[in-house]
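Number of protein chains: 2
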Amino acid sequence: NFDYAVSLRGPTACGLSLTENSVDATGCRFLRALLPSDLAGRSKGGQAQNGSVDVLDLLQGWGSGVGTYDDFNTIDWVREKSKDRDRHREISRKRRQSITALLLSVSDAFSGWLLMLLIGLMSGALAGGIDIAAHWLTDLKEGVCLNGFWFNHEHCCWNSKETTFQERHRCPQWKSWAELTVGVTEGASAYVVNYLMYVIWALLFSFLAVFLVRAFAPYACGSGIPEIKTILSGFIIRGYLGKWTLVIKTITLVLAVASGLSLGKEGPLVHVACCCGNIFCHLFTKYRKNEAKRREVLSAASAVGVSVAFGAPIGGVLFSLEEVSYYFPLKTLWRSFFAALVAAFTLRSINPFGNSRLVLFYVEFHTPWHLLELFPFVLLGIFGGLWGALFIRANIAWCRRRKATRLGRYPVLEVAVVSLATAVLAFPNDYTRMSGSELISELFNDCSLLDSSKLCDYGPLAKGGEPAGNLSEGTVGQAERPAGPGVYTAVWQLAMALLFKMAITVVTFGMKVPSGLFIPSMAVGAVAGRLLGIGMEQLAYYHHDWDMFHGWCSPGAHCITPGLYAMLGAAACLGGVTRMTVSLVVIMFELTGGLEYIVPLMAAVMTSKWVADALGREGIYEAHIRLNGYPFLEPKEEFVHKTLATDVMRPRRSDPPLSVVTQDGMTVEELEGLISDTSYSGFPVVVSPESHRLVGFVLRRDLVISIDNARRCQEGIVGVSRVIFTEHTPVEAQGAPPPLNLRAILDLSPLAITDHTPMEITVDIFRKLGLRQCLVTQNGRLLGIITKKDILKHMAQMANRDPDSILFN
Amino acid sequence: NFDYAVSLRGPTACGLSLTENSVDATGCRFLRALLPSDLAGRSKGGQAQNGSVDVLDLLQGWGSGVGTYDDFNTIDWVREKSKDRDRHREISRKRRQSITALLLSVSDAFSGWLLMLLIGLMSGALAGGIDIAAHWLTDLKEGVCLNGFWFNHEHCCWNSKETTFQERHRCPQWKSWAELTVGVTEGASAYVVNYLMYVIWALLFSFLAVFLVRAFAPYACGSGIPEIKTILSGFIIRGYLGKWTLVIKTITLVLAVASGLSLGKEGPLVHVACCCGNIFCHLFTKYRKNEAKRREVLSAASAVGVSVAFGAPIGGVLFSLEEVSYYFPLKTLWRSFFAALVAAFTLRSINPFGNSRLVLFYVEFHTPWHLLELFPFVLLGIFGGLWGALFIRANIAWCRRRKATRLGRYPVLEVAVVSLATAVLAFPNDYTRMSGSELISELFNDCSLLDSSKLCDYGPLAKGGEPAGNLSEGTVGQAERPAGPGVYTAVWQLAMALLFKMAITVVTFGMKVPSGLFIPSMAVGAVAGRLLGIGMEQLAYYHHDWDMFHGWCSPGAHCITPGLYAMLGAAACLGGVTRMTVSLVVIMFELTGGLEYIVPLMAAVMTSKWVADALGREGIYEAHIRLNGYPFLEPKEEFVHKTLATDVMRPRRSDPPLSVVTQDGMTVEELEGLISDTSYSGFPVVVSPESHRLVGFVLRRDLVISIDNARRCQEGIVGVSRVIFTEHTPVEAQGAPPPLNLRAILDLSPLAITDHTPMEITVDIFRKLGLRQCLVTQNGRLLGIITKKDILKHMAQMANRDPDSILFN
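Protein sequences appear in the order of chains B and Z. First residue of the first sequence: 1, per the UniProt record's numbering; consecutive thereafter. First residue of the second sequence: 1, per the UniProt record's numbering; consecutive thereafter.
Only chain B is shown next, with the shape it has when bound in the complex (with noise of 0.2 Å):
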C-alpha cells in the first residue's frame, strides 16, 4: 500500500529512481521532485501529488527511520511483504530496460541461493570447529600430547605407530596429569592428582565461559532456542543474533562443553547458525533492509544448526519447521534442505569424528525386533514423557526462584558451583566423567565380538547353547549371553549416572554459559533405556523358557539388542522434554539408518509426547518462553475459549474513550500533546470524531519522526498548521499556515474485525497474518483497539481460569 512503498523506497531504490540529492546541514534530505513514475500513476489522476510532493521527498531519506523498527518490538508481517514486494516489482519493471538492471534482476533471484550456500559452509565449518576445539579440551581434562598439546588423545596416539588398534587409547605420547608431575600412571596418589586437574581444569572452563559471557555478550548464555523462536515470530530483539554474539558464543561453548557440565552443543549450534545467517543477511539489501525476509532466512539457519548437530539434514529441516518457525513458506523448504546440505557435507568434509560419518551417533543393528517388545519401548516412552514433564516442571520453578531470589545476582559463582559439585561427582564414575555424546554412543552401542568395553562383558556361553534358524546373518555368532562382572559393575555404575544426570541437568539448564538440552536429555533416556535393555537381555537369557519368549527367543538366538533400548529412551526423553515428533522420529532415523526401527521409535515417542502433555502443556522451550515473558503467539494450540474481541479489546468499559486521530481536525500541537499524553504505539485515524468512521491507521513512530523532520525541515509548519491524511489537501484560509500533509506514512488497509467475531478466529488472524494490532468496529463504528500483547494477555488469563481446557485437544 501506498504509504509502505514510500518509505521503502526511500532506503532501497531511492539511487535508482532519483537523480539528484542531497543532505543539508540539520540532517533533512531534499530530493528533487522526480517520482518514480508507476507512483504517480497510482493515484488516480495525480492530483495527490498537490500538496504531498514535500513531505514524500521528506520520508525518502535515507535516515529518516520511517518503517524501522524499535528494539524489543513487534514487527508487522504484512507490512514488510508488502515492502518485499514493492521492491521486487520495481526490479521487475526495470528489467527490460537495460542489461545491468537484468544482471541485478538476475543476480537479486539467486541472492537467495547464495546467501543459504554461504550459511552452509560457515555453519558447516565453524561446527567442525567446536567439535574438534571441544574434543581437544575435554581431553586436556585428563592428559596432554607430548607431541604437541595440540592434539586431542585419539589424534595424539594416531599418530604414534607403535599402537595396535586394540590399544589404541594407550600410547607413550600420551601423559596423563599424574604421569606428568608424579610420575606414576596407578594407584592411589595418582588417581588424587588426575582428580585434582580434571577438577580445575573444568572449574577454569566453565568460568572463562561465565566470564567470557557476562562481560562481551549477555545473550551467548543458554540454548538460545526460546529466543530464536520469539525472533521467528515476528519480534525484534537487537543484538541477539550479532557479531558479538557469534564469537563469544562459539568460544564460551567450547569452553562449557569442556568443562564436563551437564549439557550440550546442539541448541547452541541453532543459534549460532541463526547468527551466522544474520550476519550473511546484511550483505544482500533484499535481506538487510526487510525484516521478514530476514526471518526466513533465519528459519533455514536453524535447519542448518541441527543439520550439523547430529548430521541429520531431513531432520534438520523438519525440527525447523516443527518447533521452531513460525512462517514457513514451501520456498524456504527447499533452501533450508539446501542450506542444510551444504553444512553437512562441509562438516563431514572437516570430519570432526574422524570416521567419515556424518552422524553424530552411527548405530547399525541386524536384530529384528519383537512385536512383543512393543511393550518395554512404550514402558520407555512412559519414562521418558514422565522425565519430560517433570523436568520441565523442576527446570522452570528452580529458574524462577533464580530470577526471585538472590541466586540470579551471582551467575559466576553459580556457574562454579555447579561446576565444581559435577566436577567432584562424575570424576569417580567412568559413565559420568566421559562426555554426554561419547556416553550415548557407548550406550546406543551394539555389542559385537571384539568390543572391549564394560558394557560388553558378557560371560562364556551357556552349554547346549547354538545358533537358532532364525538368525539373520548379521547376528551369527552373537547369542544371548550371560552378563558377566563387567556388566554388572556397568549397571551399577548406569544406575548412579542417571540419578545424578538427572539432578544435575535441572540446575545446569537456564545458567548464564552457551548450554542445550538435547544431550543431556538423551544422555537420561540412553542410560535408563540401556538398563531395561540389559534386563531385558539377560530374562530372555535366564528365562527363555517363559510363555513370553516363547517362538521368538529361542535359547542360544540373539534377540534383544539393549543398544536399541537405548535408542529408544533417548527418543523418548528428548520428546517428551522438546515435545518434537516427526522432526525427532527423522533425526533418529538418519542417525540409525534404517526404517526398520520405526515403529518402535513411533511407539516410544508418541506415548512419551501423550505421557507429557497429559502433566503439562508445555514444551520446555515454551516453557522458557513464558518465563522470559516473550511476546510469542504460540502457532501449534488452538485457542479453545468462547470470548468475543468485544471482551479483549481497548478500552474498556471503564477506561477513557479510545485516542483517535481525525483525518483533517487536528493541529500540530494536539497531535504532540495526544503523542506526550499516551504511550500508544499507533493511533487510528477517523473521519470525524463523531462518526468514527476509520480512515486508516497511524504509528506513533512514523508520526513522531514526521512531525520533527517537518518543523525542521518543512517552511511554514509551526504548532497551530493544521495536519491532514486526506488525499486533497483544502486551501487554507488567509494568513493561516500552511497544513502538514502526512497521507505518505498512513497505512490505509489496517484489517478491522467486528466485535462480535470470535476471539479463536481473531488469535487465528493474528496467528496466520502476523498482525502487531487490529481495529474493532461495530456496526461501521471504529469501537477499539486489539494489540497482540492484548491477545497474549488475555489467553494467559483464560489459561490460568482453565488450566486444562487443552488437554484433550
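Put simply, identical chains are the same to the list, so a pair is met inside one copy or across any two.
Here are the simulated EDC-like cross-link-like pairs (lysine to aspartate or glutamate), alpha carbons at most 20 Å apart as the crow flies:
(1) 768 / 634
(2) 331 / 638
(3) 331 / 613
(4) 789 / 655
(5) 331 / 637
(6) 768 / 638
(7) 331 / 634
(8) 293 / 637
(9) 768 / 637
(10) 331 / 618
(11) 636 / 618
(12) 793 / 655
(13) 331 / 108
(14) 293 / 638
(15) 642 / 727
(16) 793 / 647
(17) 331 / 622
(18) 293 / 71
(19) 793 / 622
(20) 243 / 71
By construction, these hints were calculated from the structure, which means they are not laboratory data.
Given chain B's structure and the hints, the job is docking chain Z onto it.
Coordinates of chain Z only, in the frame set by chain B:
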C-alpha cells in the same frame, strides 16, 4: 460465532443438550425451549432470547441444511473451524459431568488416531492387492500357469522345484500362449501368436477399464491429484471420494496398469487412499460433519497414498505437505506420518514384491561419485527440465484439443486406439514390453558380475587392467569393462523406447482411465540417464587417459555407475513434470537408502526445476487444474501486481449498486424478491441503505432455507412480515404480523478490508484464512464485495497481461 454455533449444535450435540424433540408431519422440527446454558449465558442478560427462541429451535432441526454446502461450492474455512471448536468446547464442558461424557471425550480425542490407523491399514491392503493383481494380469498377457491360472509367472516358477536361481524365469509349469495353442516356444509362428495374444489382452484390459469407468464412476479417471488439490483447498465435489469411485478406481487401475498403457499407479493410489480417508470419515461425527476437519484427514490420506506407492513414508508426508495440501497444521503432520507408516508396514506384510522390501525400486550403489560427474548430472537435470516443460505443453495442448473437438466424444474409442498402438509398438522392444516399474528397476540396477541381463553384458577386462588402489570394498571385481554386444543392442532398444515413451505418454495422460504420471516420467528419465551413464562409462573406459578422468578413474577402476545416472534422470524428469523438490529428493533418498547421493540428486532436481520453471511456471497438476477451471488459489505463487481491492471488487463503476439487506427495514416479500432477482450466494446486512454501515453477512442458502421453514412452520409469517436481524425484536404496531428474527443465521463477524488494501495482501488473507468472500469498505461505509472467484479471475487477467512476471520470483 453465534449463528454458526446454532447451526452446528443442531446436528451434533442436539441429543445431548435438548431433552425433548419431535418432528411434525410437515418436516418442521419443534424443540421445547431448553437452550444450552452457555448459549443463554452468551447473550448478555438474556434479552436476546425473547424474540428469537422459535427461530433458534427451528434452525436446530437435523434436516434444515443450514450450514451445509451445495455441490461445486467453496467451503468457508473460518466457519468450519469455528464449528469444530464449538463442538470441542461442548464436549470439554460436559467432560466433568459424567463418566460417559468423559469416555466420550477421550474417544473423541483418540478418534483421529483411530481413523489414521484404519486409513493406513486399508490403503496398505488395497495397494498390496493392486500390486498383486496387476502383476498377475500383466503376466497373463504373456502366458498362463498350469498349476493354477491365478499364479503369476514368478510365483508359478517359485513353486516349481526344478528351477535354479539362474533359470528362475523358465519353468515347465509356465506356458506362453504360443506354447499352449500352437505348441512351439520359438520361431516365427510362436512370436506371432504371442504378439497377437499380447495385443488382444491389452485391448481387453483397457476396454474393460474404460467401460467400467464410463458406466459406474466417471470420477475414477485420471490421476486424481489435481482434483484432490482442489478439494483440499476447500472445494466440494460430491462423489469424487465416494465408495463407488473407490471400488471402480481400484479395479480399473489394475486393468489399466496390466494393459501395458504408458501410465503408473502412483497418482491413482493417492486418490484411492483419499477415498478410503473420506469413507472412514463417515464413521466419526467429528469428521463427517465438518468439511475442514475432513480435509485434514484427506491431507494425511494423500501422504498415505505416496507412502504405499513408493514405500517412502517420509517422502509421502513431505509430498502431501509440499504438493497436495492447502491447510497443513502440525497435528496433521504427525498424524500423516503415523498413517503413512502404518500403510507402509501393512504393505510390507502383504509383501507384494516378494522381496521383503518396502520400496518399489531397491538399489544399493557402492561406488562413490566424483565431483566432475556433476557435469553430466546437471545435463540430466536440463534434460529433465526441458522434457517436463515440453510434456506439460504438449499434454495440455492435446487435452484442449480433446475438449474442443469431436475426439472428446468417443473416450472408449480413444482408449482402444491408444491401447492398440501402445501394444503393437511396445511388444517388439523388450524395454517397452515390460511394465514401467520393471523397466525402471532394470535401469536403476547396478550390474553385478552375476547379472545376466543384456544391460550387463560387458566384455572381458582389457589386458593389464587390474583393480586400482582407490576402490571401496563393494566394487572389487567390478572394474570398468568394454561394452559387449548385448549392451549395444540394449542401447539401441533403449533409444527407441525413449522416443516411444515420450510420444505415447503425452496422449495417454488425461484419457478416461486411471492414469498416474510418476512411473512414465521416471521411465523416460531413467532411460535417458542410463544411456548417458553407459556413454560416460565407455568414454571413461576407452579414454581414461583424458584429462577429465585423470586422477579418479584409473584403468581397471569402477568409477561410473550407469544405474545412478538412471536414477538421477528419473528424478530430474519427475521433477520437471511435477515441480516437486524436497519431497522428490526424500522419496529418492528413501528408495536408495543412502545420504551419499543426495548432492547429485539435489543438483539434478534443482537444475530440472529451474529449467522447467523458466519455460513455464506451472507443474502438470496446476496446469490441469487451470485447464479444468477449478477454483484453486495456488498457495505457492505470490501475487506480484500492484492493484488494489477497489480494482477487483464488485460492483464495478458501471454496474448497478451492491445488493444489500437492511437489518430491520425489509419484509419477507422484499427479501424473496431480492433472492429471485439476483444470483449472489450471500448478501451483506447494513444498518440502513443510506449509511451503508456494515452489520454482518447472510448466506443466500441459509436465507432461503430459513424463510421457507418459517413460512411453513412459524405461525403468522406472511409476505409483509418484517425480517429483522437485530438483537432486540422491536414491538410491531397493532395488527401488523409478527416479525421474523433471523439474527441466528447472520454472520456477525464478516471480514472487511478497506478499498485501499493492496491485492497482494488481499490474496494473502484469502489464502491464509481460507475465505469465500470478503467485504470492502471505504471510510467505514460498505462499498463492495470480493469473492474467491473474483480473485481468480483477476489473477488470470493479470497473468495474461504480464506472462513472465513471476519468472524471477
